[in-house]
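Numbered as in the working numbering, the sequence shown ends at 605 without a single skipped number.
One should not assume that every hint holds.
In silico DSS-like cross-links for lysine-lysine, where the CA-CA straight-line distance does not exceed 30 Å [stated by the list, open to error]:
#1 K425 - K459
#2 K349 - K177
#3 K349 - K339
#4 K459 - K413
#5 K425 - K177
#6 K349 - K425
#7 K307 - K267
#8 K177 - K339
#9 K349 - K307
#10 K177 - K267
#11 K177 - K464
#12 K339 - K413
#13 K464 - K425
#14 K413 - K425
#15 K579 - K339
#16 K464 - K339
DEER-style ranges, computed between Cβ atoms [claimed, not checked]:
#17 R605 - F200: 47 to 53 Å
#18 L3 - R336: 55 to 61 Å
#19 P310 - R375: 24 to 30 Å
#20 A499 - P170: 51 to 57 Å
#21 F10 - R370: 32 to 38 Å
Just so you know, the hints here were simulated from the structure itself, not pulled from any lab data. Each residue gets a CB set at the ideal place from its N, CA and C atoms; glycine is no exception.
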Amino acid sequence: MILVLALVGFTMLMLVLEWIRADMVALLVVVVIGLTGLIPSDRVFNGFAGNAVIAIIAIMIMGAGLDRAGVLSLTANFVMRMARGVESRLGVVINAVTSLFSAVIPSQALAALMIPVISRLSARTGVPISRLLLPMAFCILAATNTTLIANSPLIILNDLIASANNNLPPGAHTIPKFGLFSVTPVGLALALAGIAFFYFFGHRLLPEREDERLKVTPGRTESYFADTYGIVGETAELTVTAESPLVGMSIGEAEQLHQAPLILAIKSGNDARMAPPVDQVIWVGSVLGVLGPREQLAQFANNQLCKLSPRMRQLGELFNPTRAGISEAVVPPSSRFIKQTIGELRLRKRYGISVLAVNRGDQVLRDDVRGISLRAGDTLVLHSSWRELAQTSEDKDLVVVTDVPKEEQRPGKIWHAVGFFLLAKCLALFTNLDLSVAMMTGAIGMLLTGVLNMDEAYKAINWKTIFVTACLIPLGWSMDATGTAAWIAQEVLAYLGHAAPWVLQLCLAILTLLFSQVMSNVGATVMMVPIAISVAVATGGNPSAYALIVAVSSSNTFLLSSGHPALMMVAGPGGYRGKDFLRVGVPLTLTVLLITMVVINLMFR
């Protein structure tokens, strides 16, 4: 028990301080559990083959298939028709549609898919994106409890219940597992509450400011640079002459010269490319595609003995708005780019992307961009071809915010995608198949019919989430197997033993809520569900109700942008500050907590 408590404390501390990556912490914990024999060695890595983890993998694949088939593009058109440009109506329709999708697509993936859709709707209607993104993200979290297939804490709940059943005291009734729609009443109530909350109170609580930085349309390259990041000027071509000092210099050296413009493209001979790498050498006759104020460009061309052409004669095709332009992308919490500098990533050389500025909270960082170390939630302003940007975003290290043209959509496969998704849900609902088998049936159906290929399926899986979930499940098992959960429950009852059942439930819900603000909701669920079940058994309460209260409360993470990946992803594009989350999150948290308690107790009375 002491060892389990030490592992729990270590896990919490590392997830809060982030000294070690979350997936590495989880892997370290599961290895220690195996080395110390807290659970049998042949069960240590059973989490990877567990029903929950396989179901999560299948759901991620199906979510990517729905996006690839163009379901979300159709959604944007539907929202436009329903809203008719009215802000209050637009917010309700967006939140309702998002809530519907959040019942079947994991929250982080749905946020990544919906941000460009919201950007397009904002650009078309003129409604500030800052008044749309935060309600969308909060509604995702409120409605993710509608089914058992979109919320990781609910997916692993049955595995934790199965472990608790193996360690129940003699005479105790076995705790039944939850079905696909067993949680729908509470999820539906929370979804309706989220939509109503923003309809009635959103105009008072959401930020009033309209940030020019948030008006994102791919074709407005020059004006967008100026309005957004103060990078004023226009695009032009510089032709390097034989007398120019630039001959023999690298792109990186040229950019360090006094009043050098931004170099966005280069053509040497017949080879033309966007985002030239810093080590590419400039030769006689090279044509540079540059951006800067007209006077600065003229002065630089005069000093460096280059010919200046304000018309894009040789690089015009590269700068065609249908092929390339400006975009914004968010660094998600699962990105491999975090804690690396832009220079170390070599985005120009590897991906053909130029990073022109970084938006971090209220700061816009333009100086020495190559030396900036990236953090989760940073918004990057990029210049690239749409093809290169699409290929880069496939790896999920960047989430493109701007609604840019996508070449690999497969609208002809939309009925295959929808059909196999509905088949998976029907198998989960109307048969005795495990959730993992039902969901994987839908996923393999999409793969066989060409909605996705295998490489795209691998990229759709957030392996960090898989490792954290699979490795922390044995921690919950060890809390049951060693009696740690029962001991903690006894200590809680020593202080609250005479309290009413709703007081015990409220304490467990608040404790779970606080844990989930500073660590993963999966981690909070793994630690608190065994304790909640032990408290229920000891007091004669319904273990299913107590366990469900904990699992639902772990998604009640509205207070801090760092509380959930979906919130971190909208913070940058929406220009939100910490006080914006608190102003909206505090009343919404109390509302969700009250509804959770009431509905679950009505379900299990």
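Going through the hints against the structure:
{"no.": "1", "hint": "K425 - K459", "verdict": "holds (23 Å)"}
{"no.": "2", "hint": "K349 - K177", "verdict": "violated (52 Å)"}
{"no.": "3", "hint": "K349 - K339", "verdict": "holds (19 Å)"}
{"no.": "4", "hint": "K459 - K413", "verdict": "holds (19 Å)"}
{"no.": "5", "hint": "K425 - K177", "verdict": "holds (17 Å)"}
{"no.": "6", "hint": "K349 - K425", "verdict": "violated (44 Å)"}
{"no.": "7", "hint": "K307 - K267", "verdict": "holds (14 Å)"}
{"no.": "8", "hint": "K177 - K339", "verdict": "violated (41 Å)"}
{"no.": "9", "hint": "K349 - K307", "verdict": "holds (26 Å)"}
{"no.": "10", "hint": "K177 - K267", "verdict": "violated (63 Å)"}
{"no.": "11", "hint": "K177 - K464", "verdict": "holds (27 Å)"}
{"no.": "12", "hint": "K339 - K413", "verdict": "violated (39 Å)"}
{"no.": "13", "hint": "K464 - K425", "verdict": "holds (25 Å)"}
{"no.": "14", "hint": "K413 - K425", "verdict": "holds (19 Å)"}
{"no.": "15", "hint": "K579 - K339", "verdict": "holds (26 Å)"}
{"no.": "16", "hint": "K464 - K339", "verdict": "holds (16 Å)"}
{"no.": "17", "hint": "R605 - F200: 47 to 53 Å", "verdict": "violated (29 Å)"}
{"no.": "18", "hint": "L3 - R336: 55 to 61 Å", "verdict": "violated (33 Å)"}
{"no.": "19", "hint": "P310 - R375: 24 to 30 Å", "verdict": "violated (38 Å)"}
{"no.": "20", "hint": "A499 - P170: 51 to 57 Å", "verdict": "violated (26 Å)"}
{"no.": "21", "hint": "F10 - R370: 32 to 38 Å", "verdict": "holds (36 Å)"}
Hint violations for this structure: numbers 2, 6, 8, 10, 12, 17, 18, 19, 20, all remaining hints satisfied.
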